[in-house]
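Peer 1: Sequence:
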Amino acid sequence: MTAADTPLTLPAEWRDFLALTKPRVMTLVVFTGLCGMLAAPVAIDPVLGFTAILCIALGAGAAGALNQWYEADIDAVMKRTQGRPLPAGRMDRQAALHFGVGLAIFSVVLMGLAVNYAAAGILTISILFYVLVYTVWLKRRTPQNIVIGGAAGAFPPLIGWAAATGQVALLPLLLFATVFLWTPPHFWALALFIRMDYANAGVPMLPVVAGERATRTQIGLYTIPMALAAVAPWPLGLTGPIYGVSAVVLTAIFGAMALQVATRTTADGDKMQPEKRLFKYSLAYLALIFAAEVADRWMA
46 MTAADTPLTL PAEWRDFLAL TKPRVMTLVV FTGLCGMLAA PVAIDPVLGF TAILCIALGA
106 GAAGALNQWY EADIDAVMKR TQGRPLPAGR MDRQAALHFG VGLAIFSVVL MGLAVNYAAA
166 GILTISILFY VLVYTVWLKR RTPQNIVIGG AAGAFPPLIG WAAATGQVAL LPLLLFATVF
226 LWTPPHFWAL ALFIRMDYAN AGVPMLPVVA GERATRTQIG LYTIPMALAA VAPWPLGLTG
286 PIYGVSAVVL TAIFGAMALQ VATRTTADGD KMQPEKRLFK YSLAYLALIF AAEVADRWMA
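Those letters in the sequence shown? Residues 46 to 345, by our numbering.
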């Protein structure tokens, strides 16, 4: 019996429901979705724009809640997740399931009725992909879980663009590709310094099943196509120099840090500092490169 199955000692509070939505993850999802919307060649009505971003946030929150509902047993074992509402025994699993499903349905229906069906359709795909493909199918079965599952976090710029235009174009597809290819080096950098947590939980993350050396190599390899996708909008004429120069500089820094991680031979002696720096910078990198896209659109 895990902590998630033990009787509740305290009733769930609003903070517990908020924690189910993974607010920190939601922040990045909302930001990339907003940038996708603002980078579109047409202006969206502010009320509809706010509604679209709200739906993206609710959809991300729904996916996070359903992920925690399904992974309550894993969260109970891993140190960094033991304080979540389900493994800590502050919430019933059924309540988490109902909350997640309700949020998902509400976000999709509202997006479809208030904004457009294209955005609602992509939002639906993103939720189902994260819950069914990544959480249920991939995460416990293959070390490629992050590679394939990375698509789930790459949908928001597509959703934002579709909310503004009603369709999808090459630029948001490149933004999608950038996030998709960014995800493996970002998460594998994290997995390198918390690999024992994954090992104890039985999650086949790459450092656990293939080893540290193979993981470092893959971080370096995935950084190459990520860099190409990130810089591509400029030479293709989809963006101007504001984005282009920013993408080149920011990606060069990412590449240098990834190369340091990929070529390292020592590990625990220095507390994984290069890996931690890459993980932290990767978050800033994604935010800055999307901000540069918006700046390029509005300041050009």
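A few of these clues could be false.
Unchecked claim - With a straight-line Cα cutoff of 35 angstroms, these simulated DSBU-like cross-link-like pairs (lysine-lysine) come out: (1) Lys-184 x Lys-124; (2) Lys-184 x Lys-325; (3) Lys-124 x Lys-325; (4) Lys-67 x Lys-124; (5) Lys-184 x Lys-67; (6) Lys-321 x Lys-124; (7) Lys-67 x Lys-325; (8) Lys-67 x Lys-321; (9) Lys-321 x Lys-184.
Treat the hints as calculated values from the structure; they're not laboratory data.
Peer 1: Next, verify each hint and record whether it holds.
Peer 2: Status of each hint after checking the structure:
no. : hint              : in the structure
1   : Lys-184 x Lys-124 : holds (18 angstroms)
2   : Lys-184 x Lys-325 : holds (23 angstroms)
3   : Lys-124 x Lys-325 : holds (19 angstroms)
4   : Lys-67 x Lys-124  : holds (16 angstroms)
5   : Lys-184 x Lys-67  : holds (18 angstroms)
6   : Lys-321 x Lys-124 : holds (17 angstroms)
7   : Lys-67 x Lys-325  : holds (18 angstroms)
8   : Lys-67 x Lys-321  : holds (21 angstroms)
9   : Lys-321 x Lys-184 : holds (22 angstroms)
Violated hints for the displayed structure: none, as all numbered hints are satisfied.
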